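Let chain A serve as the given structure and place chain B on it in line with the hints.
The chain contents come next:
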Amino acid sequence: MKPQAAPPSLSIIVPIGTRRTADIGALYREYRTHIAATGATHEFIFVLDGPRPEARRALETLLREGEEFTIINLTRNFGEAAALTAGFERASGGTIVTLPAYPQIDAADIRKLLASLSTADMAIGYRSPRYGNALDRMRRAAFHGLVNWVTGARLRDLGCGARAMRRQVLEELDLYGEQHRFLPILAMRLGFRVSEVPMRQSAQDRHARIYRPREYMHHLLDLFSIFFLMRFTKKPLRFFGMLGAATFAVGAVLIAYLGMERLLFSEPLADRPALLLAALLLVLGMQIFALGLLGELIIFTHARGLKDYRVEEIIQYPDAVAVSDSGSDSAAGEEGASSEMRASNPPAITA
Amino acid sequence: MSDAKSTTRDDNIDAAQRIASPNGPALSVIVPLYNEEESVRPLYAAIVQALDRLGRPFEMVFVDDGSRDGTVAIAASLAQRDSRLRIVKFRRNYGQTAAMAAGIEHANGEVLVTMDGDLQNDPADIGLLLEQIDAGFDLVVGWRHNRQDKLVSRKIPSRIANWLIGRVTGIPIRDNGCSLKAFRASLIKRIPLYSEMHRFIPAMASIAGPRVAQIRVRHHARRFGESKYGLSRIYKVLLDLMVIKTIASFASRPLRWFAILSLPLFALAFLAFGQTAVDLLMEGAISLPIAGSGVIFLSSALILLCSGALAELIYARGDVRDREFLKLTQTILAGTRNPQADRAL
Chain A
15 MKPQAAPPSL SIIVPIGTRR TADIGALYRE YRTHIAATGA THEFIFVLDG PRPEARRALE
75 TLLREGEEFT IINLTRNFGE AAALTAGFER ASGGTIVTLP AYPQIDAADI RKLLASLSTA
135 DMAIGYRSPR YGNALDRMRR AAFHGLVNWV TGARLRDLGC GARAMRRQVL EELDLYGEQH
195 RFLPILAMRL GFRVSEVPMR QSAQDRHARI YRPREYMHHL LDLFSIFFLM RFTKKPLRFF
255 GMLGAATFAV GAVLIAYLGM ERLLFSEPLA DRPALLLAAL LLVLGMQIFA LGLLGELIIF
315 THARGLKDYR VEEIIQYPDA VAVSDSGSDS AAGEEGASSE MRASNPPAIT A
Chain B
85 MSDAKSTTRD DNIDAAQRIA SPNGPALSVI VPLYNEEESV RPLYAAIVQA LDRLGRPFEM
145 VFVDDGSRDG TVAIAASLAQ RDSRLRIVKF RRNYGQTAAM AAGIEHANGE VLVTMDGDLQ
205 NDPADIGLLL EQIDAGFDLV VGWRHNRQDK LVSRKIPSRI ANWLIGRVTG IPIRDNGCSL
265 KAFRASLIKR IPLYSEMHRF IPAMASIAGP RVAQIRVRHH ARRFGESKYG LSRIYKVLLD
325 LMVIKTIASF ASRPLRWFAI LSLPLFALAF LAFGQTAVDL LMEGAISLPI AGSGVIFLSS
385 ALILLCSGAL AELIYARGDV RDREFLKLTQ TILAGTRNPQ ADRAL
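Top to bottom, those sequences are chains A and B.
Counting from 15, one number per residue, gives the positions in the first sequence under the numbering used here.
Counting from 85, one number per residue, gives the positions in the second sequence under the numbering used here.
Bear in mind the hints are in silico, worked out from the structure with no lab data behind them.
The structure presented is a predicted model; accordingly, all values stated were derived computationally and were not measured.
Possibly wrong hints are sitting among the right ones.
Said to hold, decoys possible - List time: in silico DMTMM-like cross-link candidates among lysine to aspartate or glutamate, alpha-carbon distance up to 20 Å:
1. B/Lys411 with B/Glu194
2. A/Lys321 with A/Glu210
3. A/Lys126 with A/Glu57
4. A/Lys248 with B/Glu194
5. A/Lys321 with A/Asp188
6. A/Lys126 with A/Glu210
7. B/Lys273 with A/Asp322
8. B/Lys273 with B/Glu194
9. A/Lys248 with A/Asp188
10. A/Lys321 with B/Glu396
11. B/Lys273 with B/Asp403
12. A/Lys321 with B/Glu280
13. B/Lys329 with B/Glu408
14. B/Lys329 with B/Asp363
15. B/Lys329 with B/Glu396
16. B/Lys320 with A/Asp322
17. A/Lys248 with B/Asp403
18. B/Lys320 with B/Glu280
Bound-form chain A, shown alone:
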């Protein structure tokens, strides 16, 4: 599968989904020009997420014109995260770049994205200055505020499709569904350093967005799944237990109140609908709690395969002389070792 020649240093993956359509040919030429200008060897991989006859024709025309790139055609729409994964499986570069399939950012700024990889494991673009009306801005601020609050990250533009990352990042991530949006957050969770790079917004992208209610719903559900994944994967009972205990407590209080009224004021219990509500709450609380226990059982029985942590490196010098007393001259070895340490910025997240 790997090419015989030396692998390129950049693999550019362009997932082509349903969302927006554009002139792929023009887009490809623009991307290629600006990436070639950086002087890096590169390969392009287009992933057609389901049948996209128009894009496919455009790409095949380019192939006939002598351009070289890979096209992967998925049989149905698997989602952008899956498309990225499919592209990555074919990619041989040490650096993986994902680019949007419609003009979203100014391709000249891809250079900045690559440059910031020298101090980070992953760089994602954010459109700046960003055009849009007040409603757009409000919606974006609300979404990102919510995401940042929930995950502890500080990100500005999760919708930007331009990202560059070391190969290792994608190797370790296990993406599915719509998680591409949260790629930087998932990477941070694994301890990778993520930096945001301002990119000029493409002229064709400067228009107001109209979203259907369904899309808002999807965003919120995605957010919830990320929230759950980050906070409670290893401790489901923390989540279900809290929810269940709260429900149970409300039911218990209600029952106690009804019981008191019955005993002290002889208020008849039998014809009060509140009794039904109390019973329902008690039972619901128990059910939720039981779900949490089920979750814990799943985690426990699979605990061997789950690893809570990621090791960055193991430092040991097998040939070093064992020094029995170290207190006296311990300052001597310090310079040598610290020079090979990697400077690392702590990731902005502590989930």
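Chain B in isolation, oriented as in the chain A frame:
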């Protein structure tokens, strides 16, 4: 000093494969470190000094839990001069349980000793722990004598927690919060540690039925840095305890656990239906809230039973089994030796 460095930069080091080799060290000391730049050097010196006196081969595994200060640089400089020191550096801060789990995974000794990195434990006590291991115990837990911590924020909550943990797990550990512990590697390497289980390692290990010894250890006041834990949130401990209880006593028969949960609901449903039947016979009319409650209780009890069945399915498909734990601690009192069974561990 040698320049030959073997700094591996590998991110998915599968250390589960490392099995204590016959010529490996007898003892591994595991220390999680988080922002302990002042403590690292004295800690190292104290460990080396204490263990050299014991005269058995040992190694040290320092786990850096994503420190943001000079901890790793200092530890690396120590490692450069001592081949017995291994540093496992995390990519970010993952918490003490993860650090302990990583240390246990990357240790090669037959006996593993864990201790805190803040110099509050005294490495000179390691010898006492080892004596107990040699005496045949699988797990030796230290308890801090004359504990040097704040009374209200640290000591009283931990006393309550210890009492609770003892009641629930049936293993009365005096001091679950003391990190100074010794384990047989074969035992602790098989015990899943995740989430925030470091407080409950003895309780978690209890699923294997270990022989537990407790000994008094010294406890020093914090010399450097800040204490990393405040008043631990009680609800977390309670829920974790609930989990451990479930796992320790019911993991292999979850249906029973859920059946017990559903019993009171069945009882309530029975009462409600009984009342309804009586009403119907005596007065010819029923109370809708009471009959409705009966229906709710009954259906909920049934759903709980179904959850229990689901739990059975999960357990049957999981890869953690009761029978592997019993092998860790069993003794063969009589019978012929079966080399195959001995090797199975």
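Going through the hints against the structure:
Proximity of lysine 411 of chain B to glutamate 194 of chain B is assessed by CA-CA distance (about 16 Å); at most 20 Å being required, the pair is judged to hold. A distance of roughly 28 Å separates the Cα atoms of lysine 321 of chain A and glutamate 210 of chain A; the hinted pair therefore is violated under the 20 Å criterion. For the hint pairing lysine 126 of chain A with glutamate 57 of chain A, the CA-to-CA distance comes to about 19 Å; that is within 20 Å, so the pair holds. The suggested pairing of lysine 248 of chain A with glutamate 194 of chain B is violated, with an alpha-carbon distance near 29 Å, which exceeds 20 Å.
At most 20 Å may separate the alpha-carbon atoms for a hinted pair to count; lysine 321 of chain A and aspartate 188 of chain A meet this at roughly 13 Å. With a CA separation close to 10 Å, the supplied pair lysine 126 of chain A and glutamate 210 of chain A stays within the 20 Å bound. The straight-line distance between the Cα atoms of lysine 273 of chain B and aspartate 322 of chain A is roughly 15 Å, inside the 20 Å bound, and the hint therefore holds. Of the supplied pair hints, the one linking lysine 273 of chain B and glutamate 194 of chain B holds, its CA atoms being roughly 10 Å apart against a limit of 20 Å.
The straight-line distance between the Cα atoms of lysine 248 of chain A and aspartate 188 of chain A is roughly 16 Å, inside the 20 Å bound, and the hint therefore holds. Annotation: proposed proximity of lysine 321 of chain A to glutamate 396 of chain B is violated, straight-line Cα distance about 24 Å (limit 20 Å). Taking the CA atoms of lysine 273 of chain B and aspartate 403 of chain B, the gap is near 15 Å; set against the 20 Å cutoff, the hint holds. Restraint check for lysine 321 of chain A and glutamate 280 of chain B: the C-alpha separation of about 13 Å stays at or below 20 Å, so the hint holds.
With a C-alpha separation of about 19 Å, the suggested pair lysine 329 of chain B and glutamate 408 of chain B falls inside the 20 Å cut-off, and the hint holds. In summary, the hint linking lysine 329 of chain B to aspartate 363 of chain B is not supported, as the alpha carbons are separated by about 42 Å, beyond the 20 Å threshold. Distance check on the hinted pair: lysine 329 of chain B and glutamate 396 of chain B sit about 17 Å apart at the alpha-carbon level, within 20 Å; holds. A C-alpha spacing of about 18 Å is found between lysine 320 of chain B and aspartate 322 of chain A, which places the hinted pair at or below 20 Å, so the restraint holds.
Annotation: proposed proximity of lysine 248 of chain A to aspartate 403 of chain B holds, straight-line Cα distance about 16 Å (limit 20 Å). Restraint check for lysine 320 of chain B and glutamate 280 of chain B: the C-alpha separation of about 9 Å stays at or below 20 Å, so the hint holds.
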